[in-house]
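Engineer: Here is what each chain is made of, one letter per residue.
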Amino acid sequence: MLDVAALQAAYGRVPVLMGIDFQLKAGEFLGILGHNGMGKTTLMRTLMGFIPPTAGGVTFLDHDITDLKPHARARLGLGYVPQGREIFPALSVRDNLRMGCMAGGRQKGSGEDRGIIDETLELFPRLTRLLDRQGGALSGGEQQLLALARCLCTRPKLILLDEPTEGIQPSIIEEIAETLQGLRAKTGVSMILVEQNLDFIAALSSRVLVIQKGRITGELRPDQLEDPEVVAELVGMAA
Amino acid sequence: MDLAAIVGLNVLSGIASLVLISLGLAIIFGMMKIINLAHGEFLMLGAYATVLSTNHGVNIWFAMLVISPVFVGLVGILVERTLIRVLYGRLVDTMLATWGLSLFIVGLVTMIFGNTINGVPTPLGGFQVGAYRSDLYTPFLALVALLLLCGVVVVLRFTRFGLIARATMQKPDMASALGVDPDRVYMATFGIGAAVTGLAGGLLAPVSGVAPTMGSAFVAKAFITVVGGGASILAGTASASLLFGSINQMGSYLTTPVFGEVILLVAATLLIRVLPEGITGRFFRGSL
Chain A
779 MLDVAALQAA YGRVPVLMGI DFQLKAGEFL GILGHNGMGK TTLMRTLMGF IPPTAGGVTF
839 LDHDITDLKP HARARLGLGY VPQGREIFPA LSVRDNLRMG CMAGGRQKGS GEDRGIIDET
899 LELFPRLTRL LDRQGGALSG GEQQLLALAR CLCTRPKLIL LDEPTEGIQP SIIEEIAETL
959 QGLRAKTGVS MILVEQNLDF IAALSSRVLV IQKGRITGEL RPDQLEDPEV VAELVGMAA
Chain B
133 MDLAAIVGLN VLSGIASLVL ISLGLAIIFG MMKIINLAHG EFLMLGAYAT VLSTNHGVNI
193 WFAMLVISPV FVGLVGILVE RTLIRVLYGR LVDTMLATWG LSLFIVGLVT MIFGNTINGV
253 PTPLGGFQVG AYRSDLYTPF LALVALLLLC GVVVVLRFTR FGLIARATMQ KPDMASALGV
313 DPDRVYMATF GIGAAVTGLA GGLLAPVSGV APTMGSAFVA KAFITVVGGG ASILAGTASA
373 SLLFGSINQM GSYLTTPVFG EVILLVAATL LIRVLPEGIT GRFFRGSL
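Heads up: the protein sequence lines correspond to chains A and B, in order.
So the first sequence is numbered by our numbering: it starts at 779 and just counts up by one.
So the second sequence is numbered by our numbering: it starts at 133 and just counts up by one.
None of these hints come from the bench; they were simulated from the model.
Values in this document were obtained by computation on a predicted structure and should not be read as measured data.
All C-beta atoms, glycine included, are put in the ideal place defined by N, C-alpha and C.
Mixed in with the good hints there might be a few duds.
Pairwise CB distance ranges (calculated) [what the hints assert, rightly or not]:
| # | chain 1 | residue 1 | chain 2 | residue 2 | range |
| --- | --- | --- | --- | --- | --- |
| 1 | B | Phe415 | A | Asp1005 | 55 to 65 Å |
| 2 | B | Lys165 | A | Val792 | 22 to 32 Å |
| 3 | B | Ile404 | A | Glu997 | 53 to 63 Å |
| 4 | B | Pro389 | A | Tyr789 | 50 to 60 Å |
| 5 | A | Arg791 | B | Pro389 | 52 to 62 Å |
| 6 | B | Leu197 | A | Ala833 | 51 to 61 Å |
| 7 | B | Leu215 | A | Gly790 | 17 to 27 Å |
| 8 | A | Gly790 | B | Gly413 | 28 to 38 Å |
| 9 | B | Val198 | A | Ala783 | 48 to 58 Å |
| 10 | B | Thr214 | A | Val792 | 28 to 38 Å |
| 11 | A | Gly996 | B | Phe415 | 51 to 61 Å |
So that you can see chain A by itself, here it is in the shape it has in the complex:
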């Protein structure tokens, strides 16, 4: 469903992505593993359309989306949970979720929005009692759940999930992992997960790509992540 071909991107004149190639099948959970500064977040931001690629192309569900703006990609079914969560701080949790329902630009009644929000809240019971709180007043973990819930309100076909475990307490990391597995079983949604947390990426991904200096340098099976030597060799990362 997603085809990334020779994708290059740069910040100003500094090249960050040197030619990324991979394909994603529908329903697949793809992990991308790499150090800080290897281009993980840049890849995600380029896929979402925030950074214009300098070369290469991206095809999503048979649409060439290489030159599309972020909102157009969102309407096609790309969901984005950014690094740092990017909750709207001065909006209530409910309004953050309502913003998720804006995707598609479709005209809907507020009743339909409420249905989508209620359904999403069933997956995130912890958010229900926080609905009237300001997004900025939530803890990091709660914000991460909210960012994911908000993304699900857009009814995405492919979720781009950027370092969801960063600075989050372990109980919520587990909760997120379980929620995502449940979601895959129920809806068949696809996901690209960018991570440094080996346990989390191993628990969720069907295969794992290794990114180094803006290139995909290897591919691992999730079970290989438990072997510290393999990881150290491929990623240059202590397990």
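Once you have looked at the hints, place chain B on chain A.
Structural biologist: For chain B alone, coordinates are given in the frame of chain A:
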């Protein structure tokens, strides 16, 4: 007692005109961080729209409340599409461009209508308070200012557009990742800000001399109010108008109107010195 009532009415009028002349600017600055130096000219265009249509036989209420805001709103959208849109995120360039625009509009209007002062009679007539006379138009302006403020609250807090606008103002990138086109939000916001300014221009036409250069008389006060108010569009405009309007009118009453303006400027300077982020940088934080 009668005197107090008249002074009170003047204070009310001062507050109301500050709200009117600065609200459109506050919307554009608060939501988009665009400093529109052609703000005074938007006011002037609103005033001209009312004067010209009234002189051509249009009902003055219709001219003030419909023609002026619609006309200036459309001008605002045109300006946003042709000028502002290419300059987002470039504060100084936007200031230069809108300053140039203001000169252009003044020149254009002078060329078409001449450098003369026009006017329309003040509607509604007056009333007697003891030995003093006042006109009914002042309380009407105060009422409209209040309704406008309430209108902004209702739109921002209770409508779909308001939610989208607030979210886009807070995190434009994230809003676009949720399927909102920030471009269109900015266009609409600029249009609405311009329309509110046009409405203000129309409403002020009967109580001020309408001339191509009239904008410069308002633009400084509008900026002082917006900067003094700080980040919140609504609480900022309301509180700064309340404060500066009262100071200005009380100063005028106790001394002369000229000193009233001086006192206003001194007060504003002191306020910014003490509260560099404006009133809502310290109080009512996070309000609309």
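Engineer: Now look at each hint and say whether the structure bears it out.
Structural biologist: Here is what the structure says about each hint:
Taking 55 to 65 Å as the suggested C-beta distance range, the pair Phe415(B) and Asp1005(A) conforms, at roughly 59 Å. As the Cβ distance of Lys165(B) to Val792(A) is approximately 27 Å, the hint placing it in 22 to 32 Å holds. With their beta carbons about 59 Å apart, Ile404(B) and Glu997(A) fall inside the hinted range of 53 to 63 Å. Take Pro389(B) and Tyr789(A): their Cβ atoms lie about 55 Å apart, and the range 50 to 60 Å holds.
Evaluation of the 52 to 62 Å hint for Arg791(A) and Pro389(B) yields a pass: the beta carbon distance comes to about 58 Å. Between Leu197(B) and Ala833(A) the beta carbons are some 55 Å apart, a value that agrees with the proposed interval 51 to 61 Å. Hint check: Leu215(B) to Gly790(A), Cβ distance near 26 Å, so the stated range 17 to 27 Å holds. Between Gly790(A) and Gly413(B) the C-beta distance comes to about 33 Å, which sits within the given range of 28 to 38 Å.
At about 55 Å, the beta-carbon gap between Val198(B) and Ala783(A) stays in the expected band of 48 to 58 Å. Judged by the Cβ atoms, the range 28 to 38 Å given for Thr214(B) and Val792(A) holds: they are separated by roughly 33 Å. Roughly 56 Å separates the CB atoms of Gly996(A) and Phe415(B), a value that falls within the hinted 51 to 61 Å.
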